Each structure stands twice: as C-alpha cells, then as structure tokens.
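Asks: Since the structure of chain A is already known, use the hints to place chain B with the ligand on it.
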Amino acid sequence: MSLDQLYQQIILDHSKQRHGSGLAETAAPAGAATGQSHQLNPVCGDEVTLRLAVSDGTVQQISWDGAGCSISMASASVLSELGEGMSVEELHSVIDNFREVLRSRGKVQADPEILGDAAAFEGVARYAARVKCAMISWVAAEDALNQATA
Amino acid sequence: MTAVSTPASLQQSVYAMDNAEVLRIRNDFPVLDQLVNGKPLIYLDSGATSQNPLSVIEAEQEFYEQRNAAVHRGAHHLAVEATEVFEDARQTVADFVGAQYEETVWTSNATEGLNLISYALSNAALWAAQGRGSSALNALAIGPGDEIVVTEMEHHANLIPWQELAFRTGATLKYIPITDDGSLRLDAAADIVGERTKLLAFTHASNVLGTINPVAELVALARRVGALVVLDACQSVPHMAVNVKELDVDFAVFSGHKMLAPTGVGVLYGKQELLDVLPPFLTGGSMITTVTMERAEYLPAPQRFEAGTQRISQAVALATAVNYLAETGIDRIHAWEATLGQRLVKGLESIDGIRVVGPAAGSERIGLAAFDVAGVHAHDVGQFLDDRGIAVRVGHHCAQPLHRRLGLTATTRASTYLYNTTDDVDAFLDAVSGVRAYFQA
Ligand SMILES: Cc1ncc(COP(=O)(O)O)c(C=O)c1O
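If you're matching them up, the sequences are chains A and B in order. So in the working numbering, spot 94 of the first sequence is number 94, and the numbers just go up one at a time. So in the working numbering, spot 338 of the second sequence is number 1338, and the numbers just go up one at a time.
Quick caveat, the hints were computed from the structure, so don't treat them as lab data. As the structure is a computational prediction, the values presented were derived from the model and not from experiment. Hints are supplied without guarantee of correctness; some may be wrong.
Claimed, not checked - Here are the simulated lysine to any residue pairs, SDA-like style, with alpha carbons at most 20 Å apart:
1) B/K1039 with A/R126
2) B/K1039 with A/L3
3) B/K1039 with A/Q5
4) A/K132 with B/T1409
5) A/K16 with B/L1408
6) A/K16 with B/K1039
7) A/K16 with B/A1441
This is chain A alone, in the form it adopts within the complex:
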C-alpha cells in the first residue's frame, strides 16, 4: 500500500476545491426541510458542521463548514457533490456502502458505479487511524438526513 494510493489526486483536488463548503454563503432552498449536524473527532480535532436540505424526497443541497486534514475535507466535498440530486433512499444506501468499504480494512472493494468519486477513499480503509477522518462528514450527513426526513 503506497502513500499515493491513499492520497489520490482526486482527494488532493477536493481538499483544496471544496464543493459545498460555506454554510453562511449558501442559503437553504426555500420550502425545503433541513437537518444540520456537527461532528467532532476529539483525537485529532477534525470538525464538520453539515446542513442538508430535502424536498419532494430529493436531496437538494449539502453545505458544510469544517476544519481538518485533507482526507476529512476532501471527503466532505465529494459527499456534497455526489449526494446532491439523490433521493433520500439512494443517499442512505450510498452512505451505508461507503461505511462498509471504509470499515472493511481493505476487504471490500469500492464500486465506482455506486460511490462515484468517493471510491477514491478505498485506500483509507487500510489506514485504521484515518477511517474516522473519511467518515466524519458522512456521519454528519446521515444524522442531518434523519433530521430532515423525521
């Protein structure tokens, strides 16, 4: 397992060009139900606050603020880009799939058909100490999704 498999170019790109970043700058679409979740990893200080807007069973918008390592920031960016436009059920199942891959210690391969750019995080599964970094925004999204659809 080489470092380049962990830090794929797509991850480095997303860690700098962050899709959906900036809660204050993006107002939630009018009439949408929203949920917001703050997640903190006390071990390394990674922090994400993510807001998710749903209307007509579709995820309209995923916005977030965060501070942390390139893996955690890129993961939030990819999630935001990937999740917008999905149905509530689709996003739930993508989150479940992402979690399964990341927790598999490398045994479950990522399927780009399902995960899109998020498949690039497959390498993280081999670095036990970094799994939480990749998961933090996805945990926030799951929580926010439950709130928005409660």
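Replies: Chain B with the ligand only, in chain A's frame:
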C-alpha cells in the same frame, strides 16, 4: 537551570555523547530495530512515550519469574522479597530527583498524581470544615474567593484537575499568559500571583513549545503569598537533572513511561509535612492503621496515598530505567538532546512554509520541536512521515488552550531522546522539506 552535578558545559567537553555512543545505546532498545513501511524506524515520539531498554523489560520479567507477590501483606518468603524490591525501587527513584523516601508516592502516571493532589486538597477543605485531622489543614483548605493559578502552556493533565478543583471549592482559576515565542510572561505573573492565590501549578518544560520555565522565579512569587507550588515534571525529569529540594516545589509529578519504563507507573513527590496531613484521595486496603465500623485512621505517606494492591513490577522496572539514565549520565543526555533540539529548530526554520512554535533557534529548549506546515494539516504531515518510517506526534498534544492561543488547531511534533542520532534529525528534516510539494500546497 536545574543541574545538580557537574555543569553540562564541563561534562560536554569531557564526555559529550556522540552518534557512535547513541548507536551503541540504541542496541539496548529492541523495538527500535525494525522496519516500518520498508524503512528503518526513526522514532521521534518520545515526548508521548519512550521506549524500554532490554534491562527494563528483563527487570519486569524477572520480578514475575522470581518474586511475584503482594507487598506489605503476609510473612512468606516471596512477599518479603517483593516488598523489599518494591521499596528499594522507591528509594532509587527518590534519590534520582533528590526526594526523601517518605515523600515519594507511586501513582499510575503523572495525570493520576495531579488528580491526587487536586482531590486531597478539596478533601482538606471538607476535613477542615468538620474539624477532622490536623489543624494545619485550615491553611490548606481552598474555598470561594481563593485563586488557583496555572499557565497558558499546560498539558490538559495539569489543567483540568485544577478546573475541577476550582469547581468543587468555588475558587477561581487564573492563567499566566505566554509571549508569542512561548515563554511565560513573568511581569504578568507577578500581578496574577497575589494574596488570594492558594496554589500555583505549572510545567517545568512544555511538551509543545519546548520552553524550560524559570522555576526559581515562579516559586519565589508563590512563596511571597504563601501559595503551594505544583510542578509538572513530565518533560523534565526524563531529560535533565531535577532536584525537587533545590527547586523547593511543594509537589512534583512525572510518568515512568516517558523515561524508559513501562506504562502504569508514575511518581508524586510531596513535601513530607504536607503529605502527612493531607487527607487521602483513594481509600481502601494497605493505607490504614485502624478501621472501625464507623471510620478509619490512615498511615503516614507514602502508604497514605497508595490504596490497594500496587503496581509492583512496574515500580521495579522504573527503578531499573532510572539506573540506566543515571549510568548514561542525565547531564550528558540533557546536553545531547539540547543539541538535537537546536538542530531540529534550525533545520525546520530554514524550510519554506514551516512555523516552529516556541523559542527560536539559539534560545534554550528541550529536545523537541512542534510546528505548523502552511497549507498541510498536521495529520497529513504525520502520514507522510510515517510512510518514510518516521514516527512523530500530530494533533493538539493534549494542549488545546495553548494551540488556540497560538492560533492553531494542530501541530506536528518531533521529540528526541538519548537513542536519537543527528542522522535521525537530518532524515526527518529532509522528509519534512518534501511535504508541501507532495500535498501541492
Ligand atoms: C507536560 C506533560 N504533562 C503531563 C502529561 C501526562 O502524562 P501521563 O499521560 O503519563 O499522565 C504529559 C504527557 O503526555 C506531558 O507531556
């Protein structure tokens, strides 16, 4: 400075450590002889925990193979032998820091030692209020209107116990600020430590900044107003000569695992007149004189603070570690690590986009350096270095308020010990110089 024997400068000219000696030392540490990610391990995380030489590992094994028994209980041969080596170990460690045997209490680690003091002091207020124990407790009791003073550079272990003591007693917690280059502001300290101050707690050497604090000046401020002094000696005792009597602190704590010993054992030093009157923190077996249905009377220190079955093999191993350090020469180790610390800071300062926290190159510091890399999170820096077999610590190093004061959330820290060569430092610097390019920062 705190050196008690030959000044480092003199030692250095006669017996200075060098890379050849360090490589011989390294042979005593089995764990250092391994490949990580296909590269020879370079261990630069001794500030978090240090490695054990074979003699220490064997001391623990030998205890279990030949002497294992509960101490201070029972008259059989093994119990007597176990008690003997356990108490000999206490004397060895006491001698190493200039303490008396009765003033040397075993704890699990420094954190437990600091909590012990914190709870003994709030128990003192409870006892004093009910007229229990010595009348000396009246002066030790902390209450509303009193102040506890710490510094902005404390490890959480020397901060949260005082926050909680303030909460339990109604006292106020105050902070001595630091300068931008990581020294305590003594001018401000002189105003902050005042008539209301009951306790002053500070670290001897900072685990993030590398600063060595002026103990004598701070103790003088506390003495002026009759405040107790607690010294966090976690990052000093393993690396430099420390004599608690010469420093004249009331309490000092340190952890075995940061000084070549196993985890699970640490030391609390306290002046005997304080330890003998303070109420215990933990209560139970092995620390009492008489117990009735209603209440108990307690032994004097150190047993007063050692409730329950003790960490015997770890104490024996810590004494072995102390002997290892003493035989190598703690002043020589200090001088060597000062060299490594300067090399670290000088090298880091010359790399583009690196901000070292703490004193600049040329100013005194212990053998560690923490830094920020522009555009790259510390976690990523640590991962990059690990790929090259280099072990460092990343994060807030249990000092969140300090990092906030520095305007950072996380840093990367390289910390050295007697088994690190200048080549280790150079390999580390070489790797760090490639970090920003790798992450396209
Ligand atoms: C300055 C300082 N104080 C306290 C501690 C706490 O030590 P321990 O976790 O062994 O109790 C540490 C170690 O991390 C430290 O560096």
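Asks: Next, verify each hint and record whether it holds.
Replies: Structure-based check of each hint:
At most 20 Å may separate the alpha-carbon atoms for a hinted pair to count; B/K1039 and A/R126 meet this at roughly 18 Å. Of the supplied pair hints, the one linking B/K1039 and A/L3 holds, its CA atoms being roughly 14 Å apart against a limit of 20 Å. Distance check on the hinted pair: B/K1039 and A/Q5 sit about 18 Å apart at the alpha-carbon level, within 20 Å; holds. Between the alpha carbons of A/K132 and B/T1409 the distance comes to roughly 17 Å, so the proposed pair stays at or under 20 Å and holds.
The straight-line distance between the Cα atoms of A/K16 and B/L1408 is roughly 19 Å, inside the 20 Å bound, and the hint therefore holds. Distance restraint check for A/K16 and B/K1039: the Cα-Cα separation of roughly 30 Å exceeds the 20 Å cut-off, and the hinted pair is therefore not satisfied. Taken as a hint, the A/K16 and B/A1441 pair is honoured in the structure, with Cα atoms around 9 Å apart against an allowance of 20 Å.
Comparing the model with each earlier hint shows a violation of hint 6 alone; every other hint is respected.
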